[in-house]
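Colleague: Construct the complete structure from the given sequences, taking the supplied hints into account.
Per the working numbering, the sequence shown starts with residue 164, numbered consecutively.
I should point out that these hints are in silico values taken from the structure, not numbers from a laboratory.
A portion of the hints provided could be inaccurate.
Listed below are the simulated PhoX-like cross-link pairs for lysine-lysine, each with C-alpha atoms no more than 25 Å apart in a straight line [said to hold, decoys possible]:
{"#": "1", "residue 1": "K286", "residue 2": "K226"}
{"#": "2", "residue 1": "K212", "residue 2": "K199"}
{"#": "3", "residue 1": "K235", "residue 2": "K199"}
Derived DEER-like restraints, expressed as beta-carbon distance ranges [unchecked claim]:
{"#": "4", "residue 1": "K199", "residue 2": "Q253", "range": "13 to 21 Å"}
{"#": "5", "residue 1": "E179", "residue 2": "R271", "range": "22 to 30 Å"}
{"#": "6", "residue 1": "R269", "residue 2": "N165", "range": "19 to 27 Å"}
Every residue gets a Cβ at the ideal spot worked out from N, C-alpha and C, and that includes glycine.
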Amino acid sequence: MNLMYKFPDLAFCLGEYRLQDARDGLLVHLDRFYIKDQHSKILVFFDGKKDLTSDCYSEDWGKFSIHYSHEKKADELIIGYLNLCPVPSQCLVITTDKEIISFARRLRAKRMTSEEFYAEWVKRETEEDETEFKHLKEGLTPSSETDYWERQFLP
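Modeller: This is how it looks when you write it as structure tokens:
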């Protein structure tokens, strides 16, 4: 939840009690951020149930493994996962929760606050937007070789 509140669009959804929209939005944002990272296993932990009538405790969504805490707190699931992880130092935990950060530190897992992650996400999105704009501005949009030569010689 603390990561969702860092994204203004997701915070807006949460403020309007549109939890599923906020969850889906977070997954889309994470997917864009980790689009080139095909080797990592990405786990996402949500508080509560998938929806009011669901018995789903976990599911796959693309390259993500999503876990729902049901009656527990998602924090408990994160700590439980870190406890069972064979090499916690290979894990990156993204949270603002001080208890989880402290626990991850003791296990030597990598840590990033939700604020740090959001700042990194914004930086990457801005760089991608600027690169795309520069390509459009300079006429460097991807095209086939035939398209290139036609633009060179045909009116």
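Colleague: Now tell me if each hint is right for this structure.
Modeller: The hints, checked one at a time:
1. A hinted pair counts as satisfied when its Cα atoms are at most 25 Å apart, and K286 with K226 qualifies at roughly 23 Å.
2. As the CA atoms of K212 and K199 are separated by approximately 30 Å, the hinted pair breaks the 25 Å bound.
3. This hinted pair does not check out: K235 and K199 have alpha carbons roughly 33 Å apart, beyond 25 Å.
4. Separation of K199 from Q253 is about 18 Å and conforms to the stated range, judged on CB atoms against 13 to 21 Å.
5. Between E179 and R271, the C-beta spacing of about 40 Å breaks the proposed range 22 to 30 Å.
6. Range check, R269 to N165: about 20 Å between beta-carbon atoms, so the 19 to 27 Å window is met.
Checked against the numbered hints above, the structure violates hints 2, 3, 5; every other hint is satisfied.
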